[in-house]
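Asker: Put together the whole structure using the sequences plus the hints.
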Amino acid sequence: AQKITQTQPGMFVQEKEAVTLDCTYDTSDPSYGLFWYKQPSSGEMIFLIYQGSYDQQNATEGRYSLNFQKARKSANLVISASQLGDSAMYFCAMLPDSNYQLIWGAGTKLIIKP
Amino acid sequence: ETGVTQTPRHLVMGMTNKKSLKCEQHLGHNAMYWYKQSAKKPLELMFVYNFKEQTENNSVPSRFSPECPNSSHLFLHLHTLQPEDSALYLCASSQVRPSGRQLTYEQYFGPGTRLTVT
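Sequences listed follow chains A and B, in order. As numbered in the working numbering, residues 1 to 114 make up the first sequence, in order. As numbered in the working numbering, residues 1 to 118 make up the second sequence, in order.
Rather than coming from a laboratory, the hints here were simulated on the basis of the structure. Please note: incorrect hints may appear among the correct ones.
To be verified - Result set (EDC-like, lysine to aspartate or glutamate): computed pairs, CA atoms no more than 16 Å apart in a straight line:
#1 K73/A - D55/A
#2 K70/A - D55/A
#3 K3/A - E44/B
#4 K36/B - E44/A
#5 K3/A - D26/A
#6 K70/A - D26/A
What the hints assert, rightly or not - Take a look, some chain A residues computed to stay more than 12 Å from chain B by CB distance:
#7 I4
#8 F12
#9 V13
#10 E15
#11 K16
#12 P30
#13 F47
#14 Q56
#15 Q57
#16 N58
#17 K70
#18 A71
#19 R72
#20 N76
#21 V78
#22 L84
By construction, the Cβ of each residue, glycine as well, lies at the ideal position given by its N, Cα and C atoms.
Answerer: This is the structure in C-alpha cells:
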C-alpha cells in the first residue's frame, strides 16, 4: 500500500525556534518523489520543497530543509528560525514513479507563538 | 496573471442551483487537476486531465462534471449538490510526459474556491 503518515495533527512553536514536522511514507516503488506543501488559512496550497528518492543530498530551499532518511522511509520538514508567517497547515505528499497521482498526508497544523 | 487562478473564490449555492468553477493556468503545463479538500480529511483527487483528455475520475458523483476545453482552462460544473459537498475545491497543474508520467514533479495550485451548499 502507498501511504503518507503525518503523526502530528498540531504543533505550537515559539517564534525564531526551529521546528521539525514529521512525515513517514510507504511505497514499494524504487523511484518516487517527496514534497512538502504549505496551506495558509487563505486556502492556497504553496509548494515548498521536493526530494527525489535517488537524490544523494537532502533538499534545501531557504529556511526549509528536508531530512530524508530513506531506510526509515521518513521525510521530515525542518523550518529554521520560524516566523509568525509560518503558521499554516503543512502537507507531506509522495509521487511514486508508477503513477502520477500525488498521495497526501493528513497535514500538520503549525502555530508560531510570538 | 501568473500561476494558477481560480474563480470564484467563494460560492454559496442551493441544492437546486447550477454553477461552474473556473481554473486557468498560465504556466504552460499540460496536465490539470481538480481536488476536493474537506475539513479534517486529506486532499481528495477528483479529476485529472492530461493533454485535455480526462484520464482519471476517482469515483466522483455525476453531479460534478469537469470540462477541459484546452490545456490552459479547466471547469467544474456543479448541479444538484448536497450539503456534504461543501468544501474547498482546489485546481492544480503540472507538466507531464505523453505517457502521463510526471516530467516535473511539482503541482502548482490555485487559491481554491470555498463552496458552501445550503
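Asker: Can you name, in rising order, the numbers of the hints this structure does not satisfy?
Answerer: The structure conflicts with hints 7, 13, although it agrees with all the remaining ones.
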